[in-house]
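S.K.: Model the full structure from these sequences, guided by the hints.
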Amino acid sequence: MAKINPIDPDYFKDERAAPGFKVIGTTVPRSDALGHVTGRTEFFEDRTFPNLAHLKIHRSPHHHALIDSVDTSHAEQTPGVLRVLTYKDVPANWYGVLRLIGIGPDDEPVLAEDRVIYKGEPIVAVVADSEAAALEGASRVRVSYTELPAVLDVEEAMSPDAPIIKRAGTNYFVYEGHHSRRIRFGDVEAGFARADHVFDWRYSSAPIEHAPTETTGCIVVPQSNGRLLIHSNTQAAFFTLDNTALIINRAPTDLQVKGGTVGGGFGGKVDVMVEPLACIAATLTNRPVKFVYTREEEMQVSSPRAAERIYIKDGVLSDGRIVARKIMLYVDAGAYARHSPYGATKAAAHLPGPYTIPNVHADCHCVYTNRTPSSAMRGFGVTIADFAIESQMDRIARALDLDPLEFRLRNAYRDGDLKAHRKVASGTALIEVIQRAAELVGHELPEEYRAMSSTTPRGAQA
Amino acid sequence: MTVTIVNLKVNGVDQAFMARPGTTLLLALREQLGLTGAKRGCAQGACGSCTVLLDGAPVVSCLVPATTVDGADIATVEGLADGQQLSDVQQAFLDGFATQCGFCTPGMLMSAEALLARNPDPTADEVNEAISGNVCRCTGYAPIVSAILDAAERRRNRVEATH
Ligand code: FES
Ligand code: FES
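Protein chains in written order, with full-length UniProt numbering: chain V, 1 to 462; chain P, 1 to 163.
Hints may be right or wrong, so weigh each one.
Now the in silico label distances, taken between C-beta atoms and shown as ranges [unchecked claim]:
hint : chain 1 : residue 1 : chain 2 : residue 2 : range
1    : P       : Thr4      : V       : Thr48     : 18 to 24 angstroms
2    : V       : His421    : P       : Gln84     : 52 to 58 angstroms
3    : P       : Ala46     : V       : Ser204    : 35 to 41 angstroms
Counterexamples of contact, computed for chain V against chain P with all Cβ distances above 12 angstroms [said to hold, decoys possible]:
hint : residue
4    : Gly39
5    : Ala132
6    : Arg184
7    : Thr213
8    : Glu214
9    : Gly217
10   : Arg250
Under 7 angstroms between C-beta atoms, here's a sample of chain V residues computed to sit facing chain P [stated by the list, open to error]:
hint : residue
11   : His36
12   : Val37
13   : Thr38
14   : Thr41
15   : Thr48
16   : Ala211
17   : Gly263
18   : Gly264
19   : Arg295
Hints listed in this document are in silico derivations from the structure and should not be mistaken for laboratory results.
Even for Gly, the Cβ is constructed at its ideal location relative to N, Cα and C.
M.R.: Set out below in structure tokens:
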């Protein structure tokens, strides 16, 4: 049995006596609501600075192409344009946000160098006196391309004859030498051989855009002490600070991030997309610089939730016990890693769902395609896996004419079960949750299922 | 570039600003008059976070050329409260947890104020209609609709009490 540390009731005893600590059952106003209803909440863009300059981007119109030449001369001559930035102005152009936790390689350029691998990839940044001049300048950048075949499907990207789109040499993230994050538990083939029924189905999801009402952006203000003050709507202030410092090759102590007020994030404002370029522009022009996505950019180029494709093959006995589950899962990371390698690992950690299955085999791939890079969004990796697993459970129940709740109860994990990750389950409560939910909706369960308990070992019951 | 001087009333106060061609009412309010309550969510008339009242009617200020509002009467979120005293709609949003990130809130409040000014006893359908141009990505709308209905009731009760 896993050792569970019981909660020490003495730990909070002093807090409990404190006056403000009795909140359950009372209404506590949100600390930020008064600012919201009076219009006084200060979002990053609500600050104005004299001499504010604006940054806009020239982006790739192609999914996949070589860049033959970039001509910025017309952009530079545009009235109001202060400065035009290419990759040569970015001190450490190649980055990967997860390098802060040791995940590599750095696979993404801040500004494209010799190629673009998704439609909307930034190539040139234009800094100007006004937003209109920056947009005008960005539209006057001339880039010539040689278009290359694009890979837009995850399984196509994994096939041996697919064009390789990544400089690391594979169209997938490499997990400790493997093509996927894997689970190997028991022997699935033996499980399928023993099963009375085998069900093999496919699930897929489209990308989902967070569509925050406030678009991604920041204003960077050079300080008289030489530091850069970054007003940002990032959801991850320190993460942004460290990644920005690495990209612009400055000490983290040179930067200060003021954030915390986010006009909708949902995971979409953790990618460090605007701060590095705004910092570079502010340094080069010695002016405050604003870089904020237009609504179009937010919808088109900000990272969505990854599209996923999931195959689940289950071997089931006539009595409803699942004896084998094999999962092939593909996360479409789009062109660059961002947070997706972590998302695919989370998917693997979540498999095979809250069920005890003796034989499990899973390959969770983080695949690169020429699509918009995907990244974090509420429960990414887990949400779509759950959709697939629970759809599979319902479909099997229907196919075998079993009650879907009873089918789940029969396979539900319990305390003490060994999970496919070789961890002993503890604190499980799926059985009780289903029992209670059934009761609430008036779904009658037979006595045998009502008697089940998460804390009674499986063998001790029918 | 021709610059036009625009005179108008904002939240009951006489104001003036210089408008370049292409300046929108939203940018004039935010950048020239320092009233940053109205937000820019899309700059294309799609999200409603820039909603203000123009002579009492809700407009998406990101689509209103600043030069066209000479002589107009504008109301923004900053003018709703009377000192510390919140308007019924503001108080109902506060009490009913109708805000999350708060970015849509100023626009929602102005659409709601305009509705209640012309219809003191709206149905839920009429509330939905009135805020149909205001996008909220956080709340799922239900608490906002309830708050507006609640505000209508508070107002009616007060009007009755004073009669
Ligand atoms: S900013 Fe005006 S409608 Fe969105
Ligand atoms: S509260 Fe966030 S958009 Fe409405």
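S.K.: What hint numbers does the structure not satisfy?
M.R.: Violated: hints 3, 4, 5, 7, 8, 9.
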